[in-house]
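*Asks:* Sequence:
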Amino acid sequence: MRAIGFEKPGSPDVLQEFDLPTPEAGPGEVRVHVAAFAVNPSDTSTRAGGFADRYRDVPTPHLPGWDFAGTVDQVGEGSPHEVGQLVMGATLPVFNGAYAEYLVVPAANVVAVPDGIDAVAASTVPMNGLTALLTLETFDLEPGAWIAVTGAAGAYGGSLIQIARARGLHVTADASEADERLVRDLGAEEVVRRGDDVAQRFRGVRPEGVDALADGAVQGSIVLPAVRDAGAYVAVRAGDIPSERGIVVTGVMVGDVVSDADRVAAGLTTLVDLLHSGQLTPRVARSLPASRAAEAHRALEAGGTRGRQVLTF
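For the sequence shown, our numbering begins at 4 and goes up steadily by one.
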């Protein structure tokens, strides 16, 4: 089978095509003939060597990729899925990355795609959606609470806004002038301009501070003043951000969800329900053949991508 990966980390140019053995589904697993897979920021970090300590002993080539969509073409004993079913799902990169023509995953890691959504669109949903769900689980807020979102025009930020609104939360978000209409259409009730003073701008909307802040732009201490005392702050890479005023600072790791059968199955089911109801919409920036993976990585690292780039076999 065809796969896109790298032997040594580096620039996008280290990505190349490999011919690998086609895996076989075992008990409780499914094999998916992958049609499309999304390009995420963690993919570029992995390719650049950002997580090299995690895969030092993993045989090469290393394959990036979290989320994918395609057709079930082999079902292991005990799997509830059917051959021919269009599914979307999530996997753990490097160890079993999504940049592959065939992918074997636990049955819990895929879910049937709703009617009317194709593989390219479906592939943009799992990682962003699961990360957004994990963020809201971490916040643990009641309907009517206020959250702020930075990086709101991005794929994670957009998913978070839509899911938060579906759960009855109020959302204020940052955006450039060019992205303001997009962010409002996603569901943000108040939009402030991006910049070093964004915390003060959020305070202009909520003088007492928001109940929680999802820092998709990973601005850290710059935005903590936007959060009320004893509120919550979440980022996908929280690092060593110091807390203040009793604010709970948390870094969410979607890999913890993807590796837990019950959690990933519940999360994917929730995302499908939101897609069915129209409360969550896939966001495709563009699609490219898998052979142009290096181009997609360069574009993502250059910034300004709205939605996800999708690579196809």
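Hints in this document: simulated from the structure, not taken from any laboratory.
Keep in mind it's a predicted model, so treat the numbers as computed, not measured.
Mixed in with the good hints, there may be bad ones.
[To be verified] Distance ranges between label pairs, derived from CB positions: (1) 188 <-> 76: 47 to 57 Å; (2) 146 <-> 291: 36 to 46 Å; (3) 292 <-> 233: 24 to 34 Å; (4) 281 <-> 211: 30 to 40 Å; (5) 294 <-> 146: 42 to 52 Å; (6) 143 <-> 262: 19 to 29 Å; (7) 192 <-> 62: 42 to 52 Å; (8) 211 <-> 80: 51 to 61 Å.
In this text, a Cβ means the ideal position worked out from N, Cα and C, and glycines have one as well.
*Asks:* Quick check: which numbered hints come out false for this structure?
*Replies:* 1 and 3
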